[in-house]
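With the sequences and hints as input, model every part of the structure.
Chains as they are written, first to last, in the numbering used here: chain A, 1 to 267; chain B, 1 to 792.
Rather than coming from a laboratory, the hints here were simulated on the basis of the structure. Computed from a predicted model, the values in this text were never measured in an experiment. Careful: at least some of the hints might be erroneous.
[Claimed, not checked] Straight-line alpha carbon distances no greater than 20 Å define the calculated EDC-like cross-link-like pairs of lysine to aspartate or glutamate that follow:
#: 1; chain 1: A; residue 1: Lys263; chain 2: B; residue 2: Glu654
#: 2; chain 1: A; residue 1: Lys39; chain 2: B; residue 2: Asp713
#: 3; chain 1: A; residue 1: Lys39; chain 2: B; residue 2: Glu292
#: 4; chain 1: A; residue 1: Lys39; chain 2: B; residue 2: Asp289
#: 5; chain 1: B; residue 1: Lys784; chain 2: A; residue 2: Glu216
#: 6; chain 1: A; residue 1: Lys39; chain 2: B; residue 2: Glu128
#: 7; chain 1: B; residue 1: Lys407; chain 2: B; residue 2: Glu308
#: 8; chain 1: A; residue 1: Lys21; chain 2: A; residue 2: Glu155
#: 9; chain 1: A; residue 1: Lys226; chain 2: B; residue 2: Glu308
#: 10; chain 1: A; residue 1: Lys39; chain 2: B; residue 2: Asp31
#: 11; chain 1: B; residue 1: Lys541; chain 2: B; residue 2: Asp289
#: 12; chain 1: B; residue 1: Lys703; chain 2: A; residue 2: Asp241
#: 13; chain 1: A; residue 1: Lys39; chain 2: B; residue 2: Asp600
#: 14; chain 1: A; residue 1: Lys234; chain 2: B; residue 2: Glu654
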Amino acid sequence: MYAFNYSRAETGRKAVNLISKNEDAKFLAGGQTLLPTMKQRLASPGALIDLSGAADLKGIEMKGRNLVIGAMTRHFDVATSELVKEKIPALADLAGMIGDPAVRNRGTMGGSVANNDPAADYPSACLALNATIITNKRKIPADEFFTGLFETALEEGELITKISFPVPNKAAYEKFRNPASRYAIVGVFVAKKGKDVRVAVTGAGSNGVFRPSNFEAALTAKFHVKSLEGVSAKAEGLNSDIHADAAYRAHLIGVMARRAVAKANAK
Amino acid sequence: MSATSSATGIGASVRRKEDLRFITGRGQYTDDVNRPGQGYAFFVRSPHAHANIRKIDSTAAAKMPGVLAILTGDDIAADKVGGLICGWMIHSKDGSPMKAGAHPALAQGKVRYVGDHVAVVIAESLAEARDAAEKVEVDYDVLPAVVDMNAATKKGAPVIHDVADNNTVYNWHLGDKAATDAAFAKAKHVTKLDIVNNRLVPNPMETRAAVGDYEPGTESFTLYTTSQNPHVARLVISAFIGVAPENKLRVIAPDVGGGFGSKIFIYAEEVVCVWAAKKVGRPVKWTADRTEAFLCDAHGRDHLTRAELAIDESGRITGLRVHTLANLGAYLSTFSSSVPTYLYAPLLSGQYDIPAIYAEVDGIYTNTAPVDAYRGAGRPEATYVVERLVEVAARETGVDPAKFRQKNFITKFPHQTPVIMAYDAGNYDASLQKALEMADYKNIGKRKAESERHGKLRGIGISAYIEACGIAPSAAVGSLGAGVGLWESAEVRVNPIGTVEILTGSHSHGQGHETTFAQLVSDRLGIPLDAVSIVHGDTDKVQMGMGTYGSRSGAVGMSAIVKALEKIEAKAKKVAGFCMEASDKDIEFKDGKFTVRGTDKSMDFGAVALQAYIAHKFNGQELEPGLKESAFWDPTNFTFPAGVHICEVEIDPETGITHIERWSAVDDFGNVINPMIVEGQVHGGIAQGIGQAMCENAVYDAKGQLVTASFMDYCMPRADDLPSYQVGMTQTPCPSNPLGIKGCGEAGAIAAPPALINAITDALGTENVPMPATPQAVWRLAQKSITRKAAQ
Chain A
1 MYAFNYSRAE TGRKAVNLIS KNEDAKFLAG GQTLLPTMKQ RLASPGALID LSGAADLKGI
61 EMKGRNLVIG AMTRHFDVAT SELVKEKIPA LADLAGMIGD PAVRNRGTMG GSVANNDPAA
121 DYPSACLALN ATIITNKRKI PADEFFTGLF ETALEEGELI TKISFPVPNK AAYEKFRNPA
181 SRYAIVGVFV AKKGKDVRVA VTGAGSNGVF RPSNFEAALT AKFHVKSLEG VSAKAEGLNS
241 DIHADAAYRA HLIGVMARRA VAKANAK
Chain B
1 MSATSSATGI GASVRRKEDL RFITGRGQYT DDVNRPGQGY AFFVRSPHAH ANIRKIDSTA
61 AAKMPGVLAI LTGDDIAADK VGGLICGWMI HSKDGSPMKA GAHPALAQGK VRYVGDHVAV
121 VIAESLAEAR DAAEKVEVDY DVLPAVVDMN AATKKGAPVI HDVADNNTVY NWHLGDKAAT
181 DAAFAKAKHV TKLDIVNNRL VPNPMETRAA VGDYEPGTES FTLYTTSQNP HVARLVISAF
241 IGVAPENKLR VIAPDVGGGF GSKIFIYAEE VVCVWAAKKV GRPVKWTADR TEAFLCDAHG
301 RDHLTRAELA IDESGRITGL RVHTLANLGA YLSTFSSSVP TYLYAPLLSG QYDIPAIYAE
361 VDGIYTNTAP VDAYRGAGRP EATYVVERLV EVAARETGVD PAKFRQKNFI TKFPHQTPVI
421 MAYDAGNYDA SLQKALEMAD YKNIGKRKAE SERHGKLRGI GISAYIEACG IAPSAAVGSL
481 GAGVGLWESA EVRVNPIGTV EILTGSHSHG QGHETTFAQL VSDRLGIPLD AVSIVHGDTD
541 KVQMGMGTYG SRSGAVGMSA IVKALEKIEA KAKKVAGFCM EASDKDIEFK DGKFTVRGTD
601 KSMDFGAVAL QAYIAHKFNG QELEPGLKES AFWDPTNFTF PAGVHICEVE IDPETGITHI
661 ERWSAVDDFG NVINPMIVEG QVHGGIAQGI GQAMCENAVY DAKGQLVTAS FMDYCMPRAD
721 DLPSYQVGMT QTPCPSNPLG IKGCGEAGAI AAPPALINAI TDALGTENVP MPATPQAVWR
781 LAQKSITRKA AQ
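If you want it as structure tokens, here you go:
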């Protein structure tokens, strides 16, 4: 780790103020990606602005028909929240599958979404649930937020404050884990709200999280496992590594999608 | 040995004495050692797998804050510090000695793998050393690298060491080629397999570390290091590397957090720390980070083998033939040459009566980290070859794999195999029958059908392993090329009030010696467990010893203690005789009491110890005062632990995930001191074997970069990958040591891989499942299996 300046912000507004004065600074949310990267000297921000004391960025509440979760809410809190379990149990389920207990007790939803790791879990939930990412400046629909590997629509100094999830009728998440890292090799989130069915795939796409339109079309006709018979993902555009090549990932998208639909319908 | 065990004696599952300090954070590991004024070392390592070094410019780095010194290969050469050695000479078939390239502690003109040690920066803090290391400018002339063994031996391949022009260290062989070829010519059936034994990174929980210290007043060095064998480290660093004479070098291996073989070897960083301590005039500390552990600890396994088994009309094995390419990495590590030769081929007879065996092994240099002994060392590789061959042969000839094994088991002992080993005792069928029972083998058909109804594939696999442990007698290993003898030493120091210190040449780095060795002494002397302390890991305290590896501490290390205890008993009887006015021949020693035979006169052990030191009851001409004895024990044979493990798996053909449903292990370790610790060793060994078979794989890309250089990509087995084990035992005491112990440390890692792969191949109906059997690999084969079944 290289030397850096550290400051702690009590509110989201103060954090944004601090970063505007220091272009070499980064927000520190749960630090589950940033800190290990800094320890390995692969990242060297001149300053960190710690958000962990910003109470206004935390919390889970219903606003109208939407479940709204503060950006600094930890995975553990999402996984164990009675409100999340009642309104969107799939989201609580997903949060409980992230990393290990140590990661879930530090990592935050906003940090994960802002980082947009192509194998992270939350981006698939945001996309499939048609969430809105709310920042200090604006509201960004999930469809416009995730723009590429570790790339988002966030501008310099822009801070996610909360994420708003429309409550679906049915939803579920299924993940095939990388045997070494336990990140998603393929994670599929399916959600049905009214007639609208959305499917989001994480871990597999070489450009990050994406929506497979053929799966969505088949499930819009009927939200049932049998609708996915004969529906498959193409290997082109998927990641290949020593753990899973593109063909295997394409196959797993089908398997995880079918299992997610079955799980969603079982609830 | 006492037939009945007390609550703390031999045979009792005593809780480990050392665990209190380990689990409460009070262990003292090398990284806990801090010397006044110490500097911190950070190594500049090669980012290239193969390159010539044109120039090292440390001008800018030397000006960085806190820098004490920057040392390179030129400095180490100028001080005439020798290179690292390989301590086991192997001769090729043609009689020529192995071709060992020089292995300098800091590179001299060339680097040969990613992570090779180029220079060291020593600074006031680790952060300053790292900062300065980034400013050391190394001008590399990058050369083509070779990581694949077949490519390395081809004409035109990059030459890694000039002494080995085709990158071949040796072409070694063992056995009778003509007799074996004749057996194959007459065979009714021949089973052939191409076998990959995957490369592993040892990954002990504690990474390697070293602290070098120099005291100018006495001109003496101290090296604190993560070693399984501190005396061997001192011998090598003194006699071969020449940093200091033995009497001026103290090596201390304090608490060590796991080794699995990787801490047997003498590494560059230890040599550099101890040498630099004098050069810089400050103690020098280095602790590897996990990336360095991945890149630079000696790796394990990495064999490519063509194996064949000849079978006659009656289903008996008549011959076995193998040709193995063994990857030795970029340099020969301390014992690397012996692992794929004498620790491998002599085990190719397995538990079977095989009249003719012939093995050829080519040791190959590649631009990868050195490869050396890792839990089992050669014996897992041999067992994998034999047990895969036997399983496939049984299936090909339509015989139940359990019956095929039973038919070919050795049943008469001693048994001389065609490949050196003379097995002394065993009852292989007893272990097999017990394991079959535990595994409910006879009902596997029902369970397979049940799985099939749920769309799953179920399989069962057997592994009947044997290993040679102790790695002794000395004369035997010497005749095979070992540069050292492999006996063990012990000293028993009885204190005046009857407490005891045992100084052992063995070294505990997880094995629980402080408990098991104390159990032996408590049992023999009839004194409480807490009255016995075990001292190890410090060359200034403990007499020369050979250390812990090859499951040798029980069979060899404890036998040395037994021999010293016998001398203590004989001396104490003399003291008791003087005190009770009787001949020592009339003194009986039992349950901690010396009694004059046929009388009620007796003294307890503590009273006799006191009299030995007070020395009032005898004079110095009759008997020396004191009660302290030592012994060096050299066994008469290797020990031969053996057993049968049976694994049952269920595979989800949709995802390729293999779930281990059941694991039944029956091991014959001879007599057992502490069943709980032995069972723990079995659990850990199986976990590592499952790791090799399902998870772990060290992968280099074509340019020699280690792709799996962190836990993000190198898959370690986790608790939820592992089953709940059923562990059983059979016991045939070992005749070659006084305790009848065979050794248990490596058995699980040796037995497990073929049991698991045989189970997966049974489930998939295919003979070609590579290790590690990852979900991706299993899924591909499951698809083929389903297609094949549909076609039938």
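For each hint, the structure was consulted:
1. A:Lys263 to B:Glu654: holds, 17 Å
2. A:Lys39 to B:Asp713: Satisfied, since the Cα-Cα distance of roughly 18 Å is no more than 20 Å.
3. A:Lys39 to B:Glu292: Roughly 14 Å between the alpha carbons, so the hint for Lys39 of chain A and Glu292 of chain B holds.
4. A:Lys39 to B:Asp289: holds, 11 Å
5. B:Lys784 to A:Glu216: violated, 30 Å
6. A:Lys39 to B:Glu128: At roughly 14 Å apart (the allowed maximum being 20 Å), Glu128 of chain B and Lys39 of chain A satisfy the hint.
7. B:Lys407 to B:Glu308: holds, 19 Å
8. A:Lys21 to A:Glu155: holds, 15 Å
9. A:Lys226 to B:Glu308: Roughly 48 Å separates the two Cα atoms, so the pair is violated.
10. A:Lys39 to B:Asp31: holds, 19 Å
11. B:Lys541 to B:Asp289: violated, 30 Å
12. B:Lys703 to A:Asp241: Since the Cα atoms of Lys703 of chain B and Asp241 of chain A sit roughly 16 Å apart, the hinted pair holds (cutoff 20 Å).
13. A:Lys39 to B:Asp600: Roughly 72 Å between the alpha carbons, so the hint for Lys39 of chain A and Asp600 of chain B is violated.
14. A:Lys234 to B:Glu654: holds, 17 Å
Of the numbered hints stated above, those contradicted by the structure are hints 5, 9, 11, 13, listed in ascending order.
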